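*Asks:* The sequence shown maps to residues 1 to 273 in our numbering.
Simulated from the structure, these hints should not be mistaken for laboratory data. Quick caveat: nothing in here was measured; it's all calculated off a predicted structure. A virtual CB, placed ideally from N, CA and C, is assigned to each residue, including glycine. Please note that a few of the clues may not be correct.
Per label pair, the in silico range of CB-to-CB distance [stated by the list, open to error]: (1) E117 - Q94: 42 to 50 angstroms; (2) R53 - W253: 53 to 61 angstroms; (3) P74 - Q126: 14 to 22 angstroms; (4) G111 - S163: 51 to 59 angstroms; (5) G199 - R89: 23 to 31 angstroms; (6) A235 - G75: 50 to 58 angstroms; (7) H138 - S242: 45 to 53 angstroms; (8) P216 - R53: 36 to 44 angstroms; (9) S153 - W87: 24 to 32 angstroms; (10) E50 - R27: 51 to 59 angstroms; (11) T214 - N122: 22 to 30 angstroms.
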Amino acid sequence: MRDSITIGELAARTGLSRKALRLYGDRGLLPPVRVDPATGFRRYGPEQVERARRIALLRAVGMPLPEIAAVLAPGGEESVHRLDAYWRRQEAEQGARRALVAHARLVLAGGGPAPYEVSERNVPEQKVLHTRRHVSAHELPGYLAEASGTLFSRLRAVGACLSGPVFAVYHGLVSEDSAALVEVCAPTEAAVEPSGGIGVRLEAAHREAFVPLTRPERGHPAMLPAHDALAAWLASRGLPPSDSVREVYHPNWATAGPGEHVADVARPVGGAA
1 MRDSITIGEL AARTGLSRKA LRLYGDRGLL PPVRVDPATG FRRYGPEQVE RARRIALLRA
61 VGMPLPEIAA VLAPGGEESV HRLDAYWRRQ EAEQGARRAL VAHARLVLAG GGPAPYEVSE
121 RNVPEQKVLH TRRHVSAHEL PGYLAEASGT LFSRLRAVGA CLSGPVFAVY HGLVSEDSAA
181 LVEVCAPTEA AVEPSGGIGV RLEAAHREAF VPLTRPERGH PAMLPAHDAL AAWLASRGLP
241 PSDSVREVYH PNWATAGPGE HVADVARPVG GAA
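Working from the sequences, and respecting the hints, build out all of it.
*Replies:* The following block contains the structure:
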């Protein structure tokens, strides 16, 4: 290929290291136009210089490689929209982490969890559609959105409606370093059969303690202080949990004003009264 360039020439034109260029190629972001079968030498098209620079620019923003692939795929204004959406998520996550830092300061100073209002309620037996997956903290927001969409699509397909707010059951601690099983549940009174990765089960009636949260307190990791506060409240009253902790997401999750109740962190503590 007469007009192709070597990986060294591409590195010289972009300022990127050969290691970075190989990484981008191996991840499918910047595959060489030809690889010599005998020597393994990579050659690139001249038009890939600009793509390499765009990848480097988005990496400087802090964007993960899989996200870069999605942003660059459509090109033009759609790529700009996807970049804007990514940055909005980053700003929201930064705000959530800012709240978590305040909680961590209290803990490190030897204080207890931040004060939250804890209430109790009876929850009747309900049928739920559910789907589950092991996810890490990084994967959690995307999984919650994906799983909710999957459950909503199944309900629409059979002409069924929700009979209560969607909730997620955390069967382990979701962290940056390890994945845990998260089960997303959509209550319904309709007759719905299991399908694909969607199951149907009965959620037993129970009594639960819960912490109500407003819009600024929603999302991971902003909800973690409420998890800690609820656990401390239960321990202080000698109330052993009877099932896994869950987060309840109310219908106004995306539309509520700053002071509106949008979610609960809840933990079953026994059978319903």
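*Asks:* Decide, hint by hint, whether the structure agrees.
*Replies:* Hint-by-hint comparison with the structure:
{"no.": "1", "hint": "E117 - Q94: 42 to 50 angstroms", "verdict": "violated (26 angstroms)"}
{"no.": "2", "hint": "R53 - W253: 53 to 61 angstroms", "verdict": "violated (39 angstroms)"}
{"no.": "3", "hint": "P74 - Q126: 14 to 22 angstroms", "verdict": "violated (41 angstroms)"}
{"no.": "4", "hint": "G111 - S163: 51 to 59 angstroms", "verdict": "violated (41 angstroms)"}
{"no.": "5", "hint": "G199 - R89: 23 to 31 angstroms", "verdict": "holds (29 angstroms)"}
{"no.": "6", "hint": "A235 - G75: 50 to 58 angstroms", "verdict": "holds (54 angstroms)"}
{"no.": "7", "hint": "H138 - S242: 45 to 53 angstroms", "verdict": "violated (30 angstroms)"}
{"no.": "8", "hint": "P216 - R53: 36 to 44 angstroms", "verdict": "holds (38 angstroms)"}
{"no.": "9", "hint": "S153 - W87: 24 to 32 angstroms", "verdict": "holds (28 angstroms)"}
{"no.": "10", "hint": "E50 - R27: 51 to 59 angstroms", "verdict": "violated (18 angstroms)"}
{"no.": "11", "hint": "T214 - N122: 22 to 30 angstroms", "verdict": "holds (24 angstroms)"}
The earlier numbered hints that this structure contradicts are 1, 2, 3, 4, 7, 10.
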